[in-house]
Amino acid sequence: MSTDTKKLEGGEQNMPLRRFPQTLYLIDHITNSSRYAGTVSRQGALYSVPLEQFKRAFKTSQKHIEKEWAALATSANDHISKLDLDRLKSKEGEKPTREDALKVVDGLLGRFTTLKKKIQESKDEEELYAKRSRIRLEHLDELLSLPSQESAGFTRWSKTQLDRILVDYMLREGCFESAKNLAKEAGIQASFLQLVDVELFEQSKMIEDALERRSCVECLQWCKENNSALKKMKSNLEFNLRIQEYVELVRVQKSAEAIAYLRKHLAPASDIHLKEVQVAAALLAFEPDTLCGRYKTMFDESRWDQLIIQFRAENCILNTLTTQPTLHTVLQAGMAALKTPMCYQAENQNVKCPICIGHVYGALAEKLPNAHHVNSCLVCRISGEIMNEDNLPMALPNGYVYSQKALEEMALKHDGIVTCPRTGSQFHFIQARKAFAI
Amino acid sequence: MELLNEYDKAQVQEKQTRSTGVTLEQIDLVLQQLQEARAALIGLDDSTEDELVVVAKEKVSRLAEGLGHAQAKAMAATKDLHGAVAKYAKALDKDKKLKSAADIDDMWNPRVLDHPDARRTLHTAVIQHLVREGRFGLARTFAAEGAKADRDRDRERDWSADSDSGSGIEGQQGQFAEMYAVLAGLRAFDVAPAEAWVARNAVALAAVDSPLAFAVARLAFLKLLFGSPSTPNNNGNSDNHNSNNNNNNAPNRAAALAYAQTAFAPFKIAHLKDIQKLMCCFAYSNNIAQSPYKALYSHDAWSDLAHIFTRDFCLLLHLPPESPLQTCVSVGVNALPTIIKMSSILKDQSGLEWSTHGELPVEIPLLDRQRFHSIFACPVSKELGTKENPPMMMVCGHVVCKESLLRLGKG
Chain A
1 MSTDTKKLEG GEQNMPLRRF PQTLYLIDHI TNSSRYAGTV SRQGALYSVP
51 LEQFKRAFKT SQKHIEKEWA ALATSANDHI SKLDLDRLKS KEGEKPTRED
101 ALKVVDGLLG RFTTLKKKIQ ESKDEEELYA KRSRIRLEHL DELLSLPSQE
151 SAGFTRWSKT QLDRILVDYM LREGCFESAK NLAKEAGIQA SFLQLVDVEL
201 FEQSKMIEDA LERRSCVECL QWCKENNSAL KKMKSNLEFN LRIQEYVELV
251 RVQKSAEAIA YLRKHLAPAS DIHLKEVQVA AALLAFEPDT LCGRYKTMFD
301 ESRWDQLIIQ FRAENCILNT LTTQPTLHTV LQAGMAALKT PMCYQAENQN
351 VKCPICIGHV YGALAEKLPN AHHVNSCLVC RISGEIMNED NLPMALPNGY
401 VYSQKALEEM ALKHDGIVTC PRTGSQFHFI QARKAFAI
Chain B
1 MELLNEYDKA QVQEKQTRST GVTLEQIDLV LQQLQEARAA LIGLDDSTED
51 ELVVVAKEKV SRLAEGLGHA QAKAMAATKD LHGAVAKYAK ALDKDKKLKS
101 AADIDDMWNP RVLDHPDARR TLHTAVIQHL VREGRFGLAR TFAAEGAKAD
151 RDRDRERDWS ADSDSGSGIE GQQGQFAEMY AVLAGLRAFD VAPAEAWVAR
201 NAVALAAVDS PLAFAVARLA FLKLLFGSPS TPNNNGNSDN HNSNNNNNNA
251 PNRAAALAYA QTAFAPFKIA HLKDIQKLMC CFAYSNNIAQ SPYKALYSHD
301 AWSDLAHIFT RDFCLLLHLP PESPLQTCVS VGVNALPTII KMSSILKDQS
351 GLEWSTHGEL PVEIPLLDRQ RFHSIFACPV SKELGTKENP PMMMVCGHVV
401 CKESLLRLGK G
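Read top to bottom, the protein sequences are chains A and B.
What the first sequence shows, in UniProt numbering, is residues 1 to 438, in sequence order.
What the second sequence shows, in UniProt numbering, is residues 1 to 411, in sequence order.
Treat the hints as calculated values from the structure; they're not laboratory data.
C-beta atoms are modelled at their ideal positions from N, C-alpha and C, and glycine is treated no differently.
Just so you know, not all the hints are guaranteed correct.
[Unchecked claim] Here chain A is said to cover these stretches of chain B; the calculated rule only asks that three of the stretch's residues, wherever they fall, bring their Cβ under 8 Å from a Cβ of chain A:
no.: 1; segment: 76-87
no.: 2; segment: 194-205
[To be verified] No farther apart than 30 Å at their CA atoms in a straight line, the calculated lysine-lysine pairs in the DSSO-like style are these:
no.: 3; chain 1: B; residue 1: K382; chain 2: A; residue 2: K367
no.: 4; chain 1: B; residue 1: K73; chain 2: A; residue 2: K55
no.: 5; chain 1: B; residue 1: K90; chain 2: A; residue 2: K59
no.: 6; chain 1: A; residue 1: K131; chain 2: B; residue 2: K79
no.: 7; chain 1: B; residue 1: K9; chain 2: A; residue 2: K131
no.: 8; chain 1: A; residue 1: K59; chain 2: B; residue 2: K94
no.: 9; chain 1: A; residue 1: K118; chain 2: B; residue 2: K87
no.: 10; chain 1: B; residue 1: K87; chain 2: B; residue 2: K341
no.: 11; chain 1: A; residue 1: K67; chain 2: A; residue 2: K116
no.: 12; chain 1: A; residue 1: K232; chain 2: B; residue 2: K273
no.: 13; chain 1: A; residue 1: K224; chain 2: B; residue 2: K382
[Stated by the list, open to error] Label pairs and their in silico Cβ distance ranges:
no.: 14; chain 1: B; residue 1: R369; chain 2: A; residue 2: E142; range: 16 to 26 Å
no.: 15; chain 1: B; residue 1: I345; chain 2: A; residue 2: S151; range: 31 to 41 Å
no.: 16; chain 1: B; residue 1: A204; chain 2: A; residue 2: A346; range: 19 to 29 Å
no.: 17; chain 1: A; residue 1: E142; chain 2: B; residue 2: A188; range: 35 to 45 Å
no.: 18; chain 1: A; residue 1: R422; chain 2: B; residue 2: K268; range: 27 to 37 Å
no.: 19; chain 1: A; residue 1: E142; chain 2: B; residue 2: D190; range: 47 to 57 Å
no.: 20; chain 1: B; residue 1: Y180; chain 2: A; residue 2: E127; range: 45 to 55 Å
no.: 21; chain 1: A; residue 1: E366; chain 2: B; residue 2: Y180; range: 44 to 54 Å
no.: 22; chain 1: B; residue 1: G83; chain 2: A; residue 2: K117; range: 18 to 28 Å
Using the sequences and the hints, build the whole thing.
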């Protein structure tokens, strides 16, 4: 980073700027952008999640219609031609009976009924996610048609947004009751539930809980359902799960089962994971409490935690979710933007400032950078109002500065006497002098 | 809005409904054909075996055709839907304003909230927010579930030493329950709870020069005079109501006068002009709507009072008027595009890292009501005022910081 120099009034030169020089030109650009840029830019996942879910449901429907239906049609054809052949073959009067034909028809009936049910399910899912996408788009539309950030409509929208962020947070923390109750209370219309992805997180929690209980079954099922997407990501989660199941078999010394498992599930992956498969095979020769480095790590219980972490991460990528709860991201940004050194100084506490709440936000914000301010902005300690050309800053003889309006009000109520809230000293209003500090 | 329009243009919902309809229709057709075939087979007479075979073959082979047709139709509808979704997905992708999840994850993440202590503090913050919003049940539920989640996450730690956050909620709840009771009353145009609260806290309110006491008295008076806003205020019928109506929502001049005589006494000095205005209201007691004082008793007057009340209530309890979580999140949401932009620039500049110390590199614009501390930037040196380098006022009234002052003095 190069330091920049600036010619200042009064002939000052070579004053290094503490800040990145390039940022200066950007500030204008940013403030000129849409006033709702912040609110909109966070929303990517809001729309991509139901879209991904829709695409998944759609793929399933497509599979049913394209493959399974076609398969049934082919098998129907086969049976029919078989009927014919049977007839030709039969010499001893063994003609194809009505029963044979009926069997074919009944079989088809049964399988098509099942197919119908499956198609109905996936179509229902499609519908749900298509509707959900639209409701979320409408929600955003609502925001963009609001007049300003000061309007009552915006306050209401912000409250909904915060509720949505809180539900997302609670879901990720595993607090499902709270999340659902919050969603119920928050939604004036039932559509609030469409703004959050409760089912997604419930499903993930179920799989994570299973992994905690040392069961890979559910996760493997999930891998199967999302096979193509995982392959695209070049994920080795399924392989890792298989290895883990194998290790558990070896751990309890079920050698025969372990070897069978190795053959069935691990050997086929040798082309990609040869080394791991070889290590796994060799594992059979070791005891669970072995001290030999490489094999000790294979038996390590922490591998289960790794599986959970890997599942969580890949689940997020698959569903286009962020790995961090939105609340974390947004809160850190907000706290940094509000943080000043004064928040940690006892004499400068402002009851309205969140960061001044030492034991909560102050503590959280400790390691965050301070906000950056280029221009002066004076806040009156008495009224909390900004001091500007409509409300000039006025300095009392003791050096403290307050807003003109606040001092005038105070003087009006107390016969012209103003009391400095910081020191308690009293002065006459006339003694206050205008300060040009803006 | 663009995206919504794209979605509707692509007709995603319509095509989805159509494809569902067509597919299920076709499948039903197939099932029907199968049923017909079945019925036909069963209905056939046993004796005519050859015929049976022919008929059977015919029926069944027709089935195969039918299956094929039906499938083709369903497929067509599916393709249609696929096209619509692809269009929408493309529009979503193209929309530059929407950041995808991956981008945001890579962005600035100081990981301040990863530490278990920080996470528990965050739980506390959320619980406090819920209590502040009057959602006491929810706060309790979350406190319990959150504590369990903490314990699950961090099993080695000794949790018995931690105080039960439930008791914290009880305390806060008590405080806020009062506030919500009063606000509920005001929403129902009932001033009584507010009056009671003001009476209880008269001393504290006076100490902060709060306008609340008089505002409440004024509204109570106006309500007595004009009746509750929810009841229809019949012009010229107020006197008739008096005698028949026990309901204290009806306008009652005599009561209003009596009230004014007692309640306004403490405000004689400070609010003389206002009291005079209110007395004039008697002249308009039948048609406040035409008077110049109608603003004093509109629906807005009630919500304004609610607003002042909330503010003063929080002030007395040394609490911020807006939930701090809401403040931080609002600011954070607005700060994100700036931060994202900064991150991408810094990344391009050969991996300059965000430090978690010092300052953010760029200013985040804050609304006036989000400003809580004074910032002084010296007009001469652009440096911020600090304890070591305080702002100094010169005789002419202009303020620069100490260092600049000394430098100016040297010349």
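Hint check, failures only | Hints 2, 12, 13, 17, 19, 20, 21 are the ones this structure does not satisfy, whereas the remaining hints hold.
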